[in-house]
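2 protein chains.
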Amino acid sequence: MENWLDQIAWTAEGLVPVIAQDASSGKVLMFAWMNREALRLTRETGKAVYWSRSRKKLWRKGQESGHVQKVKEIRLDCDKDVLLLSVEQQHGIACHTGRHSCFFHRLVDDNWQVVEPVLKEPGQIYQP
Amino acid sequence: MENWLDQIAWTAEGLVPVIAQDASSGKVLMFAWMNREALRLTRETGKAVYWSRSRKKLWRKGQESGHVQKVKEIRLDCDKDVLLLSVEQQHGIACHTGRHSCFFHRLVDDNWQVVEPVLKEPGQIYQP
Numbered sequence: 001m002e003n004w005l006d007q008i009a010w011t012a013e014g015l016v017p018v019i020a021q022d023a024s025s026g027k028v029l030m031f032a033w034m035n036r037e038a039l040r041l042t043r044e045t046g047k048a049v050y051w052s053r054s055r056k057k058l059w060r061k062g063q064e065s066g067h068v069q070k071v072k073e074i075r076l077d078c079d080k081d082v083l084l085l086s087v088e089q090q091h092g093i094a095c096h097t098g099r100h101s102c103f104f105h106r107l108v109d110d111n112w113q114v115v116e117p118v119l120k121e122p123g124q125i126y127q128p
Numbered sequence: 001m002e003n004w005l006d007q008i009a010w011t012a013e014g015l016v017p018v019i020a021q022d023a024s025s026g027k028v029l030m031f032a033w034m035n036r037e038a039l040r041l042t043r044e045t046g047k048a049v050y051w052s053r054s055r056k057k058l059w060r061k062g063q064e065s066g067h068v069q070k071v072k073e074i075r076l077d078c079d080k081d082v083l084l085l086s087v088e089q090q091h092g093i094a095c096h097t098g099r100h101s102c103f104f105h106r107l108v109d110d111n112w113q114v115v116e117p118v119l120k121e122p123g124q125i126y127q128p
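Top line first, the protein sequences correspond to chains A and B.
Counting with the numbering used here, you get residues 1 to 128 for the letters of the first sequence.
Counting with the numbering used here, you get residues 1 to 128 for the letters of the second sequence.
Don't read these hints as lab results, they were simulated from the structure.
Honestly, I wouldn't trust all of these hints.
If we take Cβ atoms under 7 Å as the criterion, some of the chain A residues that face chain B in the derived model are [claimed, not checked]:
1. W4
2. I19
3. Q21
4. G26
5. V28
6. F31
7. R75
8. C78
9. V82
10. T97
11. C102
12. F103
13. H105
14. L107
15. D110
16. W112
Quick reminder that beta carbons are idealized off the backbone N, C-alpha and C, glycines included.
Extracted from the complex, chain A is given alone in its bound form:
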């Protein structure tokens, strides 16, 4: 029975947009996409698995970086076409730039200012 998966209003490409929010800080960490398999795996493993639209493959968040997202809760919106995950972000770093959140540019006057610190240098995250 995967009725809960059928109830989602997938896009024509079979995807659904996903917002990940940190369960502790309350910060919105990132935005990504899932297909049906990614969501099933996320549910099964308790760890966020996304669909990379650029690489056209499953993206097990944290597989390379160790920045795994433990999923505490999965929510669906009123139109059943957007997901919201509440996650425990391992090491507190969601962004590939080494920041807590991907939303680190803030519009100040007419400029996108970087307002969040790098917690770990990308060179230290992604070892060759």
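Given the coordinates of chain A, assemble chain B onto it according to the supplied hints.
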């Protein structure tokens, strides 16, 4: 000078996904889209204006319902293709169902359970 608008990685359709988060409760309220004009108007008026993909027109949030979103902060993510708004949600209701947040279905076992109360009946929000 609208360089800040040019720096956004708009989709092929000229849109950008937008997450609205309540500045007080920290809750993720809704997910929608903006085009360039919607974002410019949001900035100018200090109130969220979205692009309705279904109705193919600007959607001044709260124009009918009164549930205006006063924008406190606009953020952009690492890839510059997703926006995050921090908003003051007037009347505390973002959802057309009369709930605080649109993300009111929670996955419990294999069911999407409604876990947020209706604060105002839609019939009371949208007067004929």
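**Report entry** Hints the structure fails to honour
**Finding:** none
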